[in-house]
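Chemist: These protein sequence lines map, in sequence, to chains F, H and R.
My numbering applies: residue 2 is where the first sequence begins, and numbers increase by one.
My numbering applies: residue 469 is where the second sequence begins, and numbers increase by one.
My numbering applies: residue 2 is where the third sequence begins, and numbers increase by one.
For the record, the hints were derived by calculation from the structure and aren't laboratory data.
Keep in mind that the hints are not guaranteed to be accurate.
[What the hints assert, rightly or not] Within a straight-line C-alpha distance of at most 27 angstroms, the following computed DSSO-like cross-link-like pairs (lysine-lysine) qualify: (1) Lys171(F) / Lys518(H); (2) Lys206(R) / Lys725(H); (3) Lys697(H) / Lys266(R); (4) Lys264(F) / Lys171(F); (5) Lys725(H) / Lys205(R); (6) Lys513(H) / Lys725(H); (7) Lys205(R) / Lys55(R); (8) Lys205(R) / Lys46(R); (9) Lys513(H) / Lys485(H); (10) Lys266(R) / Lys683(H); (11) Lys725(H) / Lys518(H).
Quick caveat: nothing in here was measured; it's all calculated off a predicted structure.
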Amino acid sequence: MNAADSPLAARPAVQLVSGNHACALGAVAAGCRFFAGYPITPSSEIAERLSRALPEVDGVFVQMEDELASMAAVIGASMGGVKAMTATSGPGFSLKQENLGYAAGAEIPCVIVNVMRGGPSTGMPTRPSQADIMQSRWGSHGDYPIIVLTPASVREIYTETIRAFALAEKFRTPVILLYDQAIAQLTETVQLGDGMPCAERLWASGAREAYRPYAAAPGAVPAMARPGDGYRSHTTGLNHAEDGFPTQHPETVERNLGRLLTKLDSHLEEIASWECIDCEDADVLIVAIGISARASRRALEQCRSRGLRVGLFRPLTLWPFPENALQAAAAHARSVLVPELNTGQLRLEVERLLGRDRVAGLHRIDGEPIAPEQIAARAESLAKGTP
Amino acid sequence: MIVDSAPAFDVREYLRKEMMPHFLCPGCGHGIALRALLWALHELKVDKDKLAVVSGIGCAGRLSAYIDASTFHVTHGRPLAYATGLALARPDLRVVVISGDGDCLAIGGNHLIHACRRNLKITCLMLNNEVYGMTGGQVSPTTSEMRVTTTTPLGNSEPHFDACALAAAAGAGFVGREGTRHVPKLAELMLAGLEHPGFSFIEVLSDCTEIFGRKNEMGSSSEMILRQKSELRPEAYRDTVDTPFRANELPTGVLAKNARPEYGAAYRKAAAAIKAAAAKKGRK
Amino acid sequence: MNGRRATHSTAAPGPVPAAPAAKAREPMNVLIVGVGGQGVIMVSKALAWLAQSKGFEVKQSEVHGMAKRGGTVFSHVRFGPQVWSPTIAMGEADILIALEWAEGMRWLPYLRPESGVFLCDTKRIVPPFACLNRHPGAPMRYSRETPAEIREHVGEGYAIAATEIAEALGNERAANVVLLGALSTALDFPIADWEAAVAQFVPKKTLTVNLEAFRSGRDWIEQARLMTPVAEAPVEAQQPLTNAPGKVRLEITEEWCKSCDICVKLCPERCLRLNADRIVELADAETCTGCRLCEWLCPDFAIRVHFDEVALEGSRS
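Start from the sequences, fold in the hints, and give me the full structure.
Modeler: Following this line, the structure appears as structure tokens:
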């Protein structure tokens with residue numbers, strides 16, 4: 002079903018919706034027809050919305066017994082050929098890592114929303130945080146490819162949810178939608194419903210005998226067999242050969258695992274997404290995501306009004322990180338400022354790409370968003386060369 | 469009757485022959501359990517293309533790879549959760565779960581009780597060999613008292629689970645138990661479970677000769693199979709009054725059955741009501 | 002139900018009830034047999050209690066421990082003015098009540114030739130492990146006698162679908178009381194006393210259904226006595242026991258055999274062995290019955306039993 006067929010798409014063009022609500026609307030518009038979840042603040046509204054919205058479009062909503070099960074059920078539904086999603090927050094995201102790794106390894110498309118709240122552990126359930134940046138990339142054991150998107154507004158949550166499904170289906174990978182509590186529960190007037198085309202999975206076709214579930218050229222994504230279509234293939238979390246069955250043969254493992262780990266590399270242009278504001282002449286480049294990026298935007302205006310050349314680089318695709326775009330944006334910047342709601346996770350990646358000398362962090366961990374004034378003040382001091 | 473059609477059933481039609489011989493140890497009861505399942509599926513005339521088998525981790529979990537169907541070998545303890553998603557999303561598929569005692573009762577215990585409660589049409593086989601075989605023979609939730617394992621060197625002192633009582637208490641639509649010793653009975657029980665409209669849980673008492681049997685000096689596979697005869701109480705004798713003679717025997721056969729609504733159907737009914745309400749609202 | 006009654010009745014025409022009064026001082030010998038769990042003991046207790054309440058000397062002797070291993074449960078009840086021996090000798094039971102068909106067959110030699118009354122449930126409980134097909138062409142190794150055949154051997158016989166009757170009443174477990182009702186037609190005690198005996202031994206909650214079961218069994222026999230014998234049909238469609246319709250052949254997938262020995266050790270005929278390569282082979286094709294136990298118990302799917310057609314003499318292929 003494409004977005005245009007959705008009853009939700011027919012709703013009034015301008016709406017007042019929250020971030021989590023927009024996520025639910027985006028999922029339905031993208032063709033998501035299965036949601037499994039477990040209650041957790043501050044993501045529960047997504048489940049609540051979809052428990053009503055999915056039956057309206059012949060989809061299925063199920064509240065599972067725990068976070069592990071909801072991730073598992075989503076993968077199960079997707080293995081059945083249905084676009085599927087789950088949503089959670091910090092502690093639940095930790096629990097989902099086990100099966101998320103399975104989805105990555107067995108190449109099962111799915112979308113996982115992680116609304117970041119204060120941590121560690123139970124942390125601050127109702128306060129924003131951006132401390133899951135590294136977990137979203139490296140949370141499950143072993144090496145695996147993953148795509149993480151970080152919307153920064155209600156409208157962007159809607160569009161990025163649709164893009165998340167498109168990327169998940171096209172590249173047969175879990176896609177994480179990572180945004181913070183502040184945006185999740187922010188209500189904005191937005192215009193939705195101008196549906197975007199959502200890619201469909203490549204399904205196996207042709208003779209059963211010729212079908213090999215994981216046979217694909219390097220950089221290519223193998224076609225998936227839909228149960229019931231007669232291919233009767235095997236899916237496993239063990240390292241597998243092209244035929245889908247377990248193997249420990251070194252060359253076969255290297256060939257197949259190698260393809261898996263590099264499958265996104267040749268599509269980075271298609272996957273990468275970022276926003277550059279006033280980067281061309283920036284002396285100070287701010288790099289930020291989510292609520293911190295919104296504050297940075299305001300800070301940028303304040304700085305520019307004071308005659309300071311400050312720019313903003315905002316990755317929308319957080320992982321794989323838009324390396325080239327950042328390097329280009331920061332080409333002339335003397336200083337780079339990374340404001341974030343943690344103790345330096347995004348900064349670590351920026352330092353990796355630009356070197357530690359010109360990168361400074363601005364971190365807040367008290368459960369409050371960073372104020373534009375804080376960022377502006379820090380940017381101003383960097384612009385003036387005072388540490 | 470399952471016995472009568474025995475000659476027509478060739479197990480090889482349901483196996484991925486290119487994967488054979490399977491990886492199980494010589495004399496492992498799991499192979500016998502797999503035959504019984506395939507026999508029951510044959511009796512049911514299941515379309516292999518519409519059959520989905522989900523299995524967990526461990527010796528039992530590996531069985532799915534040998535079945536000529538759409539098979540999913542998933543994470544440890546989670547096959548029922550994966551199967552729940554699959555069965556809800558694809559009610560046209562017949563979904564069978566193969567799990568072991570550790571997979572199903574220890575790491576996956578929560579999923580088991582909720583699958584029983586939810587009563588979605590899934591058939592779950594728990595192959596109980598009282599041990600974590602693949603990891604080298606550690607104590608499991610079903611290891612009998614005083615049995616020696618690699619983590620209970622002086623004998624297990626933890627009480628063991630009665631998986632069937634657990635499943636029945638949690639509300640499973642169909643609960644049964646049988647040993648690998650009596651293959652036609654086992655296949656018949658599986659057939660009854662597969663035919664049940666709701667969630668069916670079947671505990672298969674299987675033997676691990678190489679690890680559990682050896683450690684406990686239980687003899688060869690044939691001796692372990694014969695041992696089942698003294699441990700299992702046939703269904704026909706379930707309610708005999710002379711309990712002193714059978715206090716330690718495990719009842720077999722169908723142990724619980726109820727007609728609670730199947731969850732998938734119940735959900736689709738509720739969903740239709742939501743859809744109708746939305747349509748009505750849309751018209752206004 | 003009526004149809005089945007007619008089908009199963011093996012009553013001889015005319016009233017020929019054997020009443021204890023006719024035998025004066027000789028004890029009445031009633032043998033009750035079945036499978037563990039069916040309620041053999043309950044029937045014998047009720048009968049013993051009733052006989053004792055009528056002033057008879059009663060001896061009851063039972064063996065039930067064997068049911069634990071799939072064996073049989075039986076109870077001898079003897080009552081009369083004076084009873085010495087606690088057990089009934091072969092050929093001396095006045096009445097044989099069997100709660101299970103094969104058990105009835107097993108105990109038939111105990112029934113008094115000519116005059117003995119045989120009351121048998123058509124219920125079949127195939128014992129686990131003993132039901133395995135041991136002969137080519139035979140579906141299961143279980144009593145193959147039909148009620149019609151048995152009629153030849155007993156003075157008065159009834160094959161009653163007691164379990165089905167009890168099921169129809171809503172409690173399968175009342176089958177033994179259905180047979181008790183049948184028994185009541187062969188012994189000269191007042192019906193109210195029979196019912197008191199039932200009340201004495203069944204759980205209070207099930208009294209109503211058990212009393213119905215009692216009357217159903219009694220009515221069934223009384224109606225059956227009025228009927229003339231009709232054409233017999235077997236209890237269940239049986240495959241004829243043919244003599245070697247084919248030759249048994251074992252197809253062994255050697256690459257799959259892991260030498261676990263299960264088939265060799267558990268073959269009922271001991272006709273398998275492991276060869277020099279420790280792969281299973283059929284050592285003695287003549288004794289193999291094709292029971293399939295090896296095929297079923299092979300964890301590696303390495304054995305398949307075939308029945309090859311044997312060309313009959315004179316036939317051309």
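Chemist: Please list, smallest to largest, the hint numbers that this structure does not respect.
Modeler: As far as the earlier hints go, not one is violated by this structure.
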